[in-house]
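Protein chains in written order, with numbering that gives the first Met the number 0: chain L, 0 to 1136; chain X, 0 to 324.
Keep in mind the hints are simulated off the structure, nothing from the lab.
Yeah, the Cβ is synthetic: ideal placement off N, Cα and C, and Gly gets one too.
Treat the hints with care, since some could be wrong.
Derived list of chain L stretches under chain X, where covered just means 3 residues or more per stretch with a C-beta under 8 Å from a C-beta of chain X [to be verified]:
| id | segment |
| --- | --- |
| 1 | 329-343 |
| 2 | 420-430 |
| 3 | 450-456 |
| 4 | 750-759 |
| 5 | 777-786 |
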Amino acid sequence: MLGESDERGATVGRNWSPGVPASRMKLKEIDRTAMQAWSPAQNHPIYLATGTSAQQLDATFSTSASLEIFELDLSDPSLDMKSCATFSSSHRYHKLIWGPHKMDSKGDVSGVLIAGGENGNIILYDPSKIIAGDKEVVIAQNDKHTGPVRALDVNIFQTNLVASGANESEIYIWDLNNFATPMTPGAKTQPPEDISCIAWNRQVQHILASANPSGRATVWDLRKNEPIIKVSDHSNRMHCSGLAWHPDVATQMVLASEDDRLPVIQMWDLRFASSPLRVLENHARGILAIAWSMADPELLLSCGKDAKILCSNPNTGEVLYELPTNTQWCFDIQWCPRNPAVLSAASFDGRISVYSIMGGSADGLRQKQVDKLSSSFGNLDPFGTGQPLPPLQIPQQTAQHRIVLPLKKPPKWVRRPVGASFSFGGKLVTFASVRTQPQQGAEQQLQQHHVRISQVVTEEEFLSRSAQLQQVVQSQGFVSYCQKKIDASQTEFEKNVWSFLKVNFEDDSRGKYLELLGYRKEDLGKKIASALNKVDGPDVRIKEEKQESEFLPSAGGTFNISISGDIDGLITQALLTGNFESAVDLCLHDNRMADAIILAIAGGQELLAQTQKKYFAKSQSKITRLITAVVMKNWKEIVESCDLKNWREALAAVLTYAKPDEFSALCDLLGTRLESEGDSLLQTQACLCYICAGNVEKLVACWTKAQDGSNPLSLQDLIEKVVILRKAVQLTQAMDTNTVGVLLAEKMSQYANLLAAQGSIAAALAFLPDNTNQPNIVQLRDRLCRAQGNPAPGQQESPKIPYERQQLPKGRPGPVAGHTQMPRVPAQQYYPHVRIAPTVTTWSNKTPTALPSHPPAASPSDTQGENPPPPGFIMHGNVNPNVATAQLPTSPGHMHTQVPPYPQPQRSQNGWNDPPALNRVPKKKKMPENFMPPVPITSPIMNPLGDHQSQMLQQQPSAPVPLSSQASFPQPHLPGGQPFHGIQQPLSQPGMPPSFSKPNIEGAPGAPIGNTMQHVQSLPTEKITKKPIPDEHLILKTTFEDLIQRCLSSATDPQTKRKLDDASKRLEFLYDKLREQTLSPTIISGLHNIARSIETRNYSEGLTIHTHIVSTSNFSETSAFMPVLKVVLTQANKLGV
Amino acid sequence: MGEMVSVINTVDTSHEDMIHDAQMDYYGTRLATCSSDRSVKIFDVRNGGQILIADLRGHEGPVWQVAWAHPMYGNVLASCSYDRKVIIWKEENGTWEKTHEHTGHDSSVNSVCWAPHDYGLILACGSSDGAISLLTYTGLGQWEVKKINNAHTIGCNAVSWAPAVVPGSLIDQPSGQKPNYIKKFASGGCDNLIKLWKEEEDGQWKEEQKLEAHSDWVRDVAWAPSIGLPTSTIASCSQDGRVFIWTCDDASGNAWSPKLLHKFNDVVWHVSWSITANILAVSGGDNKVTLWKESVDGQWVCISDVNKGQGSVSTSVTEGQQNEQ
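The following block holds chain L by itself, in its conformation from the complex (with noise of 0.2 Å):
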């Protein structure tokens, strides 16, 4: 049935180690003619004990007897049992036996020798102390038995309980813990026979059963003490050489006969005793022991004398497996109790042999004793005939590799009846398969073979924190999240983490996180304030403002020229006449420095810069370095070399005073400087800077170096900050934040992964960024998506997958055409196909034009039963294969053509780790007409043409098809179909996104950039609630809003635009006040005049009327909003616009 002929030769290059079998169905080998006894299955490792046999003379026709121990070491290729003790014994044996009695769970103690001798002794030993090889071994010996105990047994329930049996019908039942005085189990049977077996019931622990040779099995009751049933098919013929009792079942059992005549096994059941349930006719001569499994009921050896050993199913009969044995005849064989593929068999030429019952070759069955033939005669011309016996004439070992077949039927022992194994996406297949019971109903049948399917979730809060992210994320409430995170934080350091990042989406962010440094600005105005009232008086605020208010146009009144011959004297002639060099040397001089720096401001730059540098060489106090710093803009010089116990000051520094350009690269300079100091606290402070820089990358490797990120809840603490980071930076920023770096993509699918293992595949690919060529993270996309059960439409035959596909041939082997792919290095074609195809993937994701013929209730993913992501997360699985085919290269040359482009993962609509899309932006209030457009809503869909685009480009240099194909970057559309306004040159490069002509901007959340203060306006955070502006009052605020425009068009240095961005964040005071109507009529309509005088571009007229409204209004009501209306006005003076 199994396989009987040998289809090995279909198998390409087998490669059999020459000379080792590939295993032998024979283990060990022992040469004794000896009686057996495996160690109790408690004991490990396993033991054999062989007492010299009372039957047989062994080779040396020695006398002499001995009790040894071997171990059986499986581990040990050779067929050496590793012999661990002998034991010289006066007596021979006629049983040996190997009970567990007091033996622990430790096996420290080995239980005992149990040795029916011949002269009615039954010898107890200590195998331990047997092993140790102590003198005194003997527990304890008892000679009560008549003639040799030929029968021993040790009750299984009862360890402690032997029973014996010997001549004279003799049976006795030995306790060991007293064992002086054995018991009888009832009246002896009569008339007196010897009795050649007895065992215990394996079911009920006061059932004995006795056999004798003339064929009759007696049944004891212990309770009753006496027989309680006799078994005899009445043929005379049975005679029993062996009694076991079915495993299982309590009232059937198995008699072997030894007579030839009638060499069978009986199989009886008690409650049909009148005959043998099944008799086993197997053997053609009579059989000499049997053995039943413990471990499998349905395995019967028996070994007879037509020297075959056996393996039946005593329940139907069928011979399971016959063991390869040479002729001779075995008298014992025993399974092993602990190890139940293993027997052994002993037989009558000198040998106890151990097997496994699971196959093998039968190689080497015979070596040992070739080998040792060979040895006995010395030679290999034994018989001195001058023609050398061949080695290999011997039957059966030939060159073949013999098989021996292992069981017909599998043994129970290995048929696995239970199983549990994860999936993907936490589920967890189980089976397990109901105990036959013979009683059961056939429903209960059916019921076995269900495999069910199970989801796990064991990450509550991890899964409930993700959640509450989505939610932020969807419904844009970041700063009451932050907030939230602040009154939740444990820890300073956390608190600080989500207030920075907090501020990212305030107004004002520059000027909060200098306050969270611990610079207040009306704190130090305050400050400042008291420190000069000391010298002016209380009112120096009012005066202040009225001075600057008044200090452009000439100051009126007169003043004293001194041209007297001393310094005075002597500058005043210099300047007389128009000599500022000297004037200045003057003023230093005397220390002057003041004079001298206003005097060089008038002597133009050239003088300044000179003074300045004199300046900074003569005055040394603490905190020159950072007037230098200030006046020089040298920043770099601060941030490198800064006690770092400064941080904070240099970091509060360059929020204030840094050029766009270089704001973020000093903040990760900072950072860096402190990532790499040894103090851990430091360290982790230098997430605070690349909080401010807005460099997620770098936030990402410092957190996790002071971070255990190995923890759900932990990676979930990283990821709610870099999710949050993003979006900031995405919202207040120029910078493209497509990037993902290696650390954010292995940290961002690390996240994934964690909640598809929970289950929640559909969060996981909402997380997972979108825009990346991350191989990880583009193979995970692939396994959501169709984990989710949504493979493309369509493609069912070549399914839409991230791996070049290697091909397997059908069925029969022999070349296949098309099938060149070798896949011994997938790698080679696997990775570089990943690396390019992800970056056109990037391209064509930006493309909008597929989104609003896709809207969210189309997309298929949503009828999915799995949390299906809110609108605004993106729906990946391959919905839109259509797109997703036009939008790419339709044979690119270094591909493969059976293979599937490369992993497609449409999206129906945007992410939310995407760049906001552009029909989602909540408007806090409405734009003018020729308003500039946040800068980071057109980031996405508009790289800047800079030092990143080319980047992108050179990354497919075989890919040029993308571009092309694409629809040219489209316009993209907003919801009221209202074009783009406002995009410098927006159409003058035909065939460009229009973005493309956007400057490169660097950019981080605190970055004092050109925009950022209108963004942050324009931020759609939480305080949407304002009232309307006034119909009649909404031209002020247009036509100033106008007017910045204009001036930062115009205006070229970054100074002016920071002062620009700044005017226009406070003229918010303005509109503020404008639409709570709490303005005098005066202040309006003076504005009113402002704003009419702005039309015609009469600034100086506007100055006048300012000045004006400045001087006659109460300075409370105007403080906030008309200084930075002048400057505004004064800048458009200066720059003409």
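We have chain L; now place chain X onto it with these hints.
For chain X alone, coordinates are given in the frame of chain L:
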């Protein structure tokens, strides 16, 4: 505990005898089962369904295990049987058929496991003949066989590959150059041992480690998926009722230490790691499945009894709720 594990699909396999293995594919959308009825079946179980895709006949004895290859090689399934054969099945044009039959073992083949896909298509097979064979697809329908003889006396019960360890970052690999992987797998057998095998530079497999702790047959070994940490982890279970977690922190990969997860009262048949390697599912001879997780202090705690006793009792409530929906 109850809500931690909820049955979402009960597949009636219609197998006519005991099921011995059930494995989902890479995506968790297809279920392969095998049985003592000598058949292998594949079901589409997407969206809680159970559509029989294939009923594969070819084995002549009980089928012990099934293993899905990585999808980059197509839809490929390996099965091993008491009939001493390993069969590799493949879906071609929607039809499943036998693509290769490996008959190199002399006894029951108890375990099959595909190597990490990065290595190519390599299958390890453990047999009761004590040997482990490694089948490598060399293209053109050819499979190269390497055999480790006498790996476990009386038999090998389980094989499990180590995750692909990439020296350095994959991105840094020179393009077109095969990363220098170190291939390793673990095996467990009737000699009570777990052995770790490593491919030498000459392509030969060498025994690298013997892990000794079990006092009876090792029924299963499972190398934990890599989660980017330097620690390697292996779970093993045995006839002796013990489940051990073996960990190795050192770079040489030779210092393994066992930690006893639990001692059960019956044989433990199977251990399976979650994809994120933080949960171990343990299937015992009392037909009980338990889930275990390592606590913060490094102790393994049982977090759930998936099904008590007969496999269907404790989950029936959840199942009823599912059906109502």
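Ascending list of hint numbers which this structure does not respect: Going through the list in order, the structure violates no hint and respects every one.
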